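**Q** Protein chains in written order, with our numbering: chain A, 1 to 167; chain B, 1 to 526.
Source of the hints: derived by calculation from the structure; they are not laboratory data. Nothing here was measured: the structure is a model prediction, and the numbers come from that model. Don't take every hint at face value.
As the list claims (entries may be wrong) - In silico negatives: residues of chain A with every beta carbon more than 12 Å from chain B:
#, residue
1, Arg6
2, Glu35
3, Val52
4, Leu57
5, Ala67
6, Glu69
7, Asn73
8, Gly90
9, Ser134
10, Ser141
11, Leu153
12, Gly162
What the hints assert, rightly or not - The following label-pair restraints were derived from C-beta to C-beta distances:
#, chain 1, residue 1, chain 2, residue 2, range
13, B, Pro286, A, His2, 43 to 51 Å
14, B, Asp106, A, Asp95, 51 to 59 Å
15, A, Phe166, B, Pro286, 53 to 61 Å
16, B, Glu260, A, His2, 51 to 59 Å
17, A, His2, B, Met1, 35 to 43 Å
18, B, Val266, A, Ala87, 22 to 30 Å
19, B, Ala247, A, Arg113, 25 to 33 Å
20, B, Ala235, A, Asn73, 33 to 41 Å
21, A, Gly120, B, Gly264, 24 to 32 Å
22, B, Thr170, A, Gly162, 51 to 59 Å
Glycine is no exception: its CB is placed at the ideal position from the N, C-alpha and C atoms.
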Amino acid sequence: MHNLLRYAGQAIFLAVIAAFIGYFSSHPVYRQMPEGMAQIKLSFAHGAKRLVDCRKLTSKEIAKLPANERRPNTCARERIPIHVQLAVDGEILYDDVLQPTGLSNDGAAQTYRKFLVPAGAHTISARLTDSKRSEGFDYESEHRVTLKPLQNLAVDFKADTGGFSFN
Amino acid sequence: MKYIKSAIRWFFDTAEALLGLAFPANWNPMLNLGALGFFFYWIITASGIYVYVFFDTGVHHAYSSIEYMTNEQWYLAGIMRSLHRYASDGLIIVVMLHIAREFALDRYRGVRWFSWATGVPVMMLIFVAGISGYWLVWDKLAQYVAIVSTEWLDVLPIFGEPIARNFMSTAALESRFFTLMIFMHIAVPLIALALMWMHLQRVTKPRINPPRGLAIGAFLSMLGLSLVYPATSHAPADLSQVPGDVALDWFYLPLFPLLENLPGPVTWAACATLVLIMAVMPWLPPLKKAAPAVVDLANCNGCARCFNDCPYNAISLVARSDGLAFEREPVVDPQYCVSCGICAGSCPTSMPFRRVSALSPGIDMPDRTMADIRQNVLDVSETLEGSGRIMVFGCTSAMQIDKLKSSKFGIIKLNCIGQLPPAFVDYVLSRNLADGVVLTGCRENSCHARYGVRWTQDRLARVRDPQLRNRVPRERVKTLWAGCSGGKKLAATIEEFSAELAQMGPVDMKRRAKPVPDPMLESADA
Numbered sequence: 001m002h003n004l005l006r007y008a009g010q011a012i013f014l015a016v017i018a019a020f021i022g023y024f025s026s027h028p029v030y031r032q033m034p035e036g037m038a039q040i041k042l043s044f045a046h047g048a049k050r051l052v053d054c055r056k057l058t059s060k061e062i063a064k065l066p067a068n069e070r071r072p073n074t075c076a077r078e079r080i081p082i083h084v085q086l087a088v089d090g091e092i093l094y095d096d097v098l099q100p101t102g103l104s105n106d107g108a109a110q111t112y113r114k115f116l117v118p119a120g121a122h123t124i125s126a127r128l129t130d131s132k133r134s135e136g137f138d139y140e141s142e143h144r145v146t147l148k149p150l151q152n153l154a155v156d157f158k159a160d161t162g163g164f165s166f167n
Numbered sequence: 001m002k003y004i005k006s007a008i009r010w011f012f013d014t015a016e017a018l019l020g021l022a023f024p025a026n027w028n029p030m031l032n033l034g035a036l037g038f039f040f041y042w043i044i045t046a047s048g049i050y051v052y053v054f055f056d057t058g059v060h061h062a063y064s065s066i067e068y069m070t071n072e073q074w075y076l077a078g079i080m081r082s083l084h085r086y087a088s089d090g091l092i093i094v095v096m097l098h099i100a101r102e103f104a105l106d107r108y109r110g111v112r113w114f115s116w117a118t119g120v121p122v123m124m125l126i127f128v129a130g131i132s133g134y135w136l137v138w139d140k141l142a143q144y145v146a147i148v149s150t151e152w153l154d155v156l157p158i159f160g161e162p163i164a165r166n167f168m169s170t171a172a173l174e175s176r177f178f179t180l181m182i183f184m185h186i187a188v189p190l191i192a193l194a195l196m197w198m199h200l201q202r203v204t205k206p207r208i209n210p211p212r213g214l215a216i217g218a219f220l221s222m223l224g225l226s227l228v229y230p231a232t233s234h235a236p237a238d239l240s241q242v243p244g245d246v247a248l249d250w251f252y253l254p255l256f257p258l259l260e261n262l263p264g265p266v267t268w269a270a271c272a273t274l275v276l277i278m279a280v281m282p283w284l285p286p287l288k289k290a291a292p293a294v295v296d297l298a299n300c301n302g303c304a305r306c307f308n309d310c311p312y313n314a315i316s317l318v319a320r321s322d323g324l325a326f327e328r329e330p331v332v333d334p335q336y337c338v339s340c341g342i343c344a345g346s347c348p349t350s351m352p353f354r355r356v357s358a359l360s361p362g363i364d365m366p367d368r369t370m371a372d373i374r375q376n377v378l379d380v381s382e383t384l385e386g387s388g389r390i391m392v393f394g395c396t397s398a399m400q401i402d403k404l405k406s407s408k409f410g411i412i413k414l415n416c417i418g419q420l421p422p423a424f425v426d427y428v429l430s431r432n433l434a435d436g437v438v439l440t441g442c443r444e445n446s447c448h449a450r451y452g453v454r455w456t457q458d459r460l461a462r463v464r465d466p467q468l469r470n471r472v473p474r475e476r477v478k479t480l481w482a483g484c485s486g487g488k489k490l491a492a493t494i495e496e497f498s499a500e501l502a503q504m505g506p507v508d509m510k511r512r513a514k515p516v517p518d519p520m521l522e523s524a525d526a
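Next comes chain A alone, as it looks inside the complex (with noise of 0.2 Å):
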């Protein structure tokens, strides 16, 4: 009877740990994001022009360089920093001045932003400018949208397929 006793004993603890396991491995729920808001993300990484353009090597000095190392032209390496902005119904949301990367400036500026708006429809504009230009943008795009909830709007750059994409 006693060792009955030891072993309903050992049941019941084994039983209290696995239903711990068994309740704590998938609860409480956890809520991500408010109900009704949705997502706008907006991320790229993008090398903005050279800070210096680039100019044509004259023969003497292409005559200097080592054999392997003759080309016609030079660069400098640091790049512009980019200026983004994105806004939501005229409301702007970010307004950034991204640096370039690397230890020389001379690579890819990012971002990497999440914004909560309440679903419904929005008009989304985003903005970026990419070379000396001090007034206006080298790229703008708007996109009308209407966000369900939970939905999440990546707006991402490319310069090589025409700029911003909304997905």
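Add chain B to chain A, keeping to what the hints say.
**A** Using the frame of chain A, we list chain B on its own:
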């Protein structure tokens, strides 16, 4: 720190005592946490190999392959999947309890720093392995885990392009990146296994397998859970949507909501600080190291008992260097010696009956020599009065034996109960220094010096040298193994034992005790 340790120690002491009501001492789950960790690891490995057979490693078919296992082949692959998950959760539980227990019992400082220092990365790798496993299902939870983890990693300025951009849209997602995660999910546990092996390097006879009964019970509980509540997936990942409500596994992902909502530098700083504190804990503050065991070659015949009994590989045997006609001599490595004194207790020359020569064993503890202990016994015996006198030998790591105050009880404190050669029991009773002897120490399977209690039990049972002499009346010897909260039980046991001894009358060692059957011979006969 002291109060935190006391609170945790109380928790474990209570839990061990409660579980001790249902489990035999060697099955007690709280006393087998490390071994259970290994056991869960093997379940995870075996179930993982099976699940991998049916798993499609491409990101676009991973989800459907797991759904097939869960729904179509639920009776085997589905159960294996559930076992894989639940054993992983079990692993986290036992690992966290193991860490907390070793911390509370102060088993992480001094020479034990190595086990702690190798255990910390094992814990981190187990988390990494578990978290990477959740990616592979490629459901909404996987999407959440993947995005939050990569966004967190992107806080570090070491990646050329944010790796979270891999999850910008379904079109951006590449199977190659997914394959990398599978590689990680396999490689990280293997690295953890290598570290687990290192973790055990400075202990002798490590217990890496739980007792069979406990292993069967643990497996059946995981199997039962897998059948009653099988692991299932969320809806498939959809990068055009935020996952929304996710049923997090709170054993592996409790920090994810914080990682998601707090600034990255803050969470990185917090995690780095936590890991740093964990890593340097053995030196916060450093343990005051007692003097290590010292070998006295003049009294050593190289019998190797100390070498066999040392729980920490601190003693090695080398060729004899003093010209005596023995093959070997023990050498103590002070770096590994925890000063438990078990070696001195095992030495055949630790003989309190010596009269002609000084009590100077072949190996002894400079801070608590055998001669000190014998003198202590003689001094204490002078203070004992009346009938039912008891000499209590106890270690300093278990219950506080010095709280026992009575003219009937004499207290002899030892580094570990394993430091006591059985000849002292004989000595006390044959010299009529007390009417009975009580040996007390840590709970069984939970000895602070790992094997002090076990070796003492074996010595008393006459299955391990040095053995208790046959002539010692066993009814006058009692043992009590309990945790730090066992003081009341000890007091009650001693009072009761004292009354029994009073009834027995004075010790008569001239009468030869009835021979105690030798269990080794009995088992051989059977």
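**Q** Does Gly90 (chain A) really sit off the interface, with its C-beta more than 12 Å from all C-beta atoms of chain B?
**A** With a cut-off of 12 Å, Gly90 (chain A) remains clear of chain B, as the shortest Cβ separation is near 24 Å.
**Q** Would Leu153 (chain A) pass as off the interface with chain B, using Cβ distances and a cut of 12 Å?
**A** Since the minimum Cβ distance to chain B is about 8 Å, Leu153 (chain A) lies within 12 Å and the statement is violated.
**Q** So does His2 (chain A) sit 35 to 43 Å from Met1 (chain B), Cβ to Cβ?
**A** Holds, at about 42 Å.
**Q** Holds or violated: is the Cβ of Arg6 (chain A) farther than 12 Å from all Cβ atoms of chain B?
**A** violated, 5 Å
**Q** Is it correct that the beta-carbon of Glu35 (chain A) has no partner in chain B closer than or equal to 12 Å?
**A** violated, 9 Å
**Q** Quick one: work out the minimum CB distance from Ala67 (chain A) to chain B and report holds if it exceeds 12 Å, violated otherwise.
**A** holds, 32 Å
**Q** Holds or violated: 22 to 30 Å for the Cβ distance of Val266 (chain B) and Ala87 (chain A)?
**A** Holds - the Cβ-Cβ distance for Val266 (chain B) and Ala87 (chain A), about 29 Å, lies within 22 to 30 Å.
**Q** At 12 Å, judged by beta carbons, does Ser134 (chain A) keep clear of chain B as stated?
**A** holds, 28 Å
**Q** Mind verifying the non-interface call on Glu69 (chain A)? Its CB should be farther than 12 Å from each CB in chain B.
**A** Check passes; 26 Å lies beyond 12 Å.
**Q** Between Ala235 (chain B) and Asn73 (chain A), is the Cβ distance one that fits in 33 to 41 Å?
**A** Because 54 Å falls outside the window, the suggested range is violated.
**Q** That 51 to 59 Å hint for Thr170 (chain B) and Gly162 (chain A) (C-beta), does it hold up?
**A** violated, 21 Å
**Q** In terms of Cβ atoms, is chain B entirely out of 12 Å range of Asn73 (chain A)?
**A** Per Cβ check, Asn73 (chain A) is outside 12 Å of chain B; nearest 26 Å; holds.
Comparing the model with each earlier hint shows violations of hints 1, 2, 11, 20 and 22; every other hint is respected.
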